[in-house]
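S.K.: Read off the chains here:
There are 2 protein chains.
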Amino acid sequence: MEQVQLLGMWLSPYSYRVIWALKLEGIAYEYIEEDLSNKSPLLLQCNPVHKKIPVLIHSGKPICESSVILEYIEEIWPQNSLLPCDPYERAIARFWIKFADDKSPSISKMSRTSSEEQETAVKDILEMLETIEEHGLIGGKKFFGGDKISMVDMAFGAVAYWLGVIEDAAGLKISEAHEFPRLQSWVQNFKEVLIIKENLPDRDKMFPLLKRRRDVAGV
Amino acid sequence: MEQVQLLGMWLSPYSYRVIWALKLEGIAYEYIEEDLSNKSPLLLQCNPVHKKIPVLIHSGKPICESSVILEYIEEIWPQNSLLPCDPYERAIARFWIKFADDKSPSISKMSRTSSEEQETAVKDILEMLETIEEHGLIGGKKFFGGDKISMVDMAFGAVAYWLGVIEDAAGLKISEAHEFPRLQSWVQNFKEVLIIKENLPDRDKMFPLLKRRRDVAGV
Chain A
1 MEQVQLLGMW LSPYSYRVIW ALKLEGIAYE YIEEDLSNKS PLLLQCNPVH KKIPVLIHSG
61 KPICESSVIL EYIEEIWPQN SLLPCDPYER AIARFWIKFA DDKSPSISKM SRTSSEEQET
121 AVKDILEMLE TIEEHGLIGG KKFFGGDKIS MVDMAFGAVA YWLGVIEDAA GLKISEAHEF
181 PRLQSWVQNF KEVLIIKENL PDRDKMFPLL KRRRDVAGV
Chain B
1 MEQVQLLGMW LSPYSYRVIW ALKLEGIAYE YIEEDLSNKS PLLLQCNPVH KKIPVLIHSG
61 KPICESSVIL EYIEEIWPQN SLLPCDPYER AIARFWIKFA DDKSPSISKM SRTSSEEQET
121 AVKDILEMLE TIEEHGLIGG KKFFGGDKIS MVDMAFGAVA YWLGVIEDAA GLKISEAHEF
181 PRLQSWVQNF KEVLIIKENL PDRDKMFPLL KRRRDVAGV
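First to last, the protein sequences are chains A and B. The first sequence begins at 1 in this note's numbering and counts up by one. The second sequence begins at 1 in this note's numbering and counts up by one.
Just so you know, the hints here were simulated from the structure itself, not pulled from any lab data. Computed from a predicted structure; not experimentally measured.
Since the list gives no way to pick out one identical chain from another, each pair is judged satisfied if it fits inside one copy or across any two copies.
As a list, the in silico BS3-like pairs of lysine-lysine whose alpha-carbon atoms are at most 27 Å apart:
id, residue 1, residue 2
1, Lys142, Lys61
2, Lys109, Lys51
3, Lys52, Lys103
4, Lys205, Lys173
5, Lys39, Lys123
6, Lys148, Lys61
7, Lys98, Lys51
8, Lys51, Lys103
Using the sequences and the accompanying hints, generate a full structural model.
M.R.: The structure is reproduced here in structure tokens:
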């Protein structure tokens with residue numbers, strides 16, 4: 001029998017990308033919480049290059065990097081397609097997943113950095129939101145790929161949920177709803193999807209931790 | 001009849017990734033050289049988000065980001081497979097392509113930056129080479145994926161060729177051959193592949209340009 005394990009960390013949007021995809025496909029898995037301040041021998045053995053979560057272990061074989069894991073899930077358990085069937089539409093989806101991978105780190109930077117670095121992070125986040133609004137969510141679609149949630153929406157999970165909590169912890173609102181109407185509407189649609197709604201880290205648990213990180217950063 | 005166009009720039013390893021893949025698949029295409037100091041309306045229209053080359057235009061539809069273009073080429077023209085068939089091996093390949101995407105920018109940074117930034121770039125490049133040697137090229141394989149060139153090798157094109165030219169232009173040798181025997185052997189294998197050998201930018205043309213860049217950077 002095949003065994004599916006996920007090494008994750010409760011606060012990480014990258015862990016949640018994988019959790020959402022597994023839930024959408026209806027795959028039973030064992031979740032193993034990692035203490036990132038004291039990484040387990042299993043994590044170090046599975047991801048010797050980056051030593052980072054998430055790692056999916058499928059029948060003993062480790063797969064690292066959340067966007068690579070999602071492609072793997074799509075290939076192994078294709079029952080609920082996470083990518084469009086048409087190759088051109090798949091390329092567009094992969095373009096936006098890469099964009100999310102490249103730009104999302106600004107969001108976690110915001111909760112960790114000094115004033116000056118925070119200013120850069122805020123500028124980068126704002127540029128990211130503008131790009132999503134102007135180019136990513138055009139044509140009145142409910143989700144990035146149309147009427148159904150896909151890998152692209154999951155890739156932007158940090159924008160949909162984590163950003164708001166980090167803004168509140170920082171006492172700083174990066175954007176107003178009226179500036180990004182398409183983005184705001186997508187955030188609502190995303191958070192209403194059952195597998196998302198039922199699988200998000202607890203805001204009350206996140207909040208003090210994010211505030212503490214900022215206090216440590218001295219801002 | 002389907003039309004294939006490539007917007008590229010002769011110095012860019014990212015352009016060459018796409019050129020190699022198209023050549024390997026035997027796809028006829030029109031190459032359009034971009035002047036990056038005066039970007040064409042076609043480039044700005046095709047890649048409004050990043051405004052960067054390469055862009056593949058297939059029957060009028062633009063695809064951006066070289067690693068996304070390679071996945072698209074693999075799906076549209078699968079005659080010479082650029083990725084392994086096995087889903088787990090594909091995941092490993094995608095892990096290394098992402099690694100190449102994330103780490104290669106240090107190589108071009110080395111030819112542009114001030115002394116201090118150059119020091120960081122050199123450190124990052126050395127780390128990248130160590131990781132490739134220690135984790136990427138294990139098991140005595142000729143290429144990353146085995147006996148045949150694949151998308152992963154193409155993704156590391158900047159390591160195989162551009163790095164050496166940039167080192168010479170900078171008068172700085174980052175690594176010695178004996179430190180990275182597997183990597184050196186891979187570089188040789190890579191440069192002996194016909195489609196690679198016949199499609200590389202001219203070293204004599206690159207050299208003065210790279211030296212000028214460094215003079216402008218004041219190092």
